[in-house]
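Just so you know, the protein sequences line up as chains C and A, in that order. Okay, so the first sequence: first residue is 1 according to the numbering used here, each after it adds one. Okay, so the second sequence: first residue is 116 according to the numbering used here, each after it adds one.
Treat the hints with care, as some may be off.
DSS-like mimics (lysine-lysine), calculated; alpha carbons at most 27 Å apart, straight line [to be verified]:
#1 C:K9 - A:K151
#2 C:K71 - C:K9
#3 A:K215 - C:K57
#4 A:K215 - C:K71
#5 A:K151 - C:K57
#6 A:K185 - C:K57
#7 A:K185 - C:K9
#8 C:K57 - C:K14
Residues from chain C shown here face chain A by an in silico Cβ test under 8 Å; the list is partial [as the list claims (entries may be wrong)]:
#9 G40
#10 M41
#11 L45
#12 Y48
#13 G58
#14 P61
#15 F90
#16 R101
#17 T103
#18 Q104
#19 F106
#20 G107
#21 P108
#22 G109
A few chain A residues facing chain C, derived, Cβ under 8 Å [unchecked claim]:
#23 S141
#24 K215
#25 G219
In short, the hints are calculated from the structure, not lab data. For every residue, glycine included, the Cβ atom is placed at its ideal position computed from N, Cα and C.
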Amino acid sequence: NAGVTQTPKFQVLKTGQSMTLQCAQDMNHNSMYWYRQDPGMGLRLIYYSASEGTTDKGEVPNGYNVSRLNKREFSLRLESAAPSQTSVYFCASSEGRWAGRETQYFGPGTRLLVL
Amino acid sequence: GQQVMQIPQYQHVQEGEDFTTYCNSSTTLSNIQWYKQRPGGHPVFLIQLVKSGEVKKQKRLTFQFGEAKKNSSLHITATQTTDVGTYFCAGRGSGGSNYKLTFGKGTLLTVNP
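Build out the structure end to end from the sequences listed, making use of the hints.
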């Protein structure tokens, strides 16, 4: 049981480049999340998916798109990266569809630097 | 929108001293969760509190949820070097479709051996 996995672990982009962050979970969870973590800012929700085929905006969705490819996978895409998107990105999952009432299991994170 | 404030931002203690972090919400919460993140790691769930006035203990850690369900605290007795990390609270609003967790900014605990 790998839990929540994320790829890549590290990435350096130039301003304007695009990339997709991948996330997968093997716990048969319904809900998946993308957060960003910046120094002194805590964790901020970017997007959330309660089930395959559904996504919902979080606190900071601008500049990002997501795809819930199937129950296991939830990807985050930066279409045109900006230096303000330099951050650590965490993917998380939880068992049911009631996001705030359940334990969230986090992946190891992707450290992104946009130059 | 819902805000969750957490204090202090940093706390440095000598090993064996106690530590407390506080979490305050601008609105009434349905429930609150606590997570720990070791340096360079990812957040790991510690506990969830749901009931008004609830107190839960995990060994040296004591978690409380306020009577009005707008504040919470985490107290560590006799800190150890293994307690080092950032402790986050995360609250869920009590109304309508506000089902998402809002995280506090966290308290970074360092312990001097």
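For each hint, the structure was consulted:
1. C:K9 - A:K151: holds (20 Å)
2. C:K71 - C:K9: holds (22 Å)
3. A:K215 - C:K57: holds (10 Å)
4. A:K215 - C:K71: Holds, at about 19 Å.
5. A:K151 - C:K57: Answer holds: A:K151 to C:K57 is near 25 Å, not above 27 Å.
6. A:K185 - C:K57: holds (25 Å)
7. A:K185 - C:K9: Answer violated: A:K185 to C:K9 is near 37 Å, above 27 Å.
8. C:K57 - C:K14: holds (26 Å)
9. G40: holds (6 Å)
10. M41: holds (6 Å)
11. L45: This hint holds: C:L45 lies near chain A, its Cβ roughly 6 Å from the closest one there, short of 8 Å.
12. Y48: Holds - the Cβ of C:Y48 comes within 8 Å of chain A, reaching about 6 Å at its closest.
13. G58: Nearest chain A Cβ about 7 Å off; hint holds.
14. P61: violated (12 Å)
15. F90: holds (6 Å)
16. R101: Holds: closest Cβ of chain A sits about 6 Å from C:R101, inside 8 Å.
17. T103: holds (4 Å)
18. Q104: holds (7 Å)
19. F106: OK, holds: C:F106 within 8 Å of chain A, min 4 Å.
20. G107: Nearest chain A Cβ about 6 Å off; hint holds.
21. P108: It holds, given that the least Cβ distance between C:P108 and chain A is near 5 Å, below 8 Å.
22. G109: holds (6 Å)
23. S141: For A:S141, the interface hint is violated, since the closest Cβ of chain C sits about 14 Å away, which is over 8 Å.
24. K215: This hint holds: A:K215 lies near chain C, its Cβ roughly 5 Å from the closest one there, short of 8 Å.
25. G219: This interface hint holds because 6 Å falls under the 8 Å limit.
Checked against the numbered hints listed earlier, the structure breaks hints 7, 14, 23; every other hint is satisfied.
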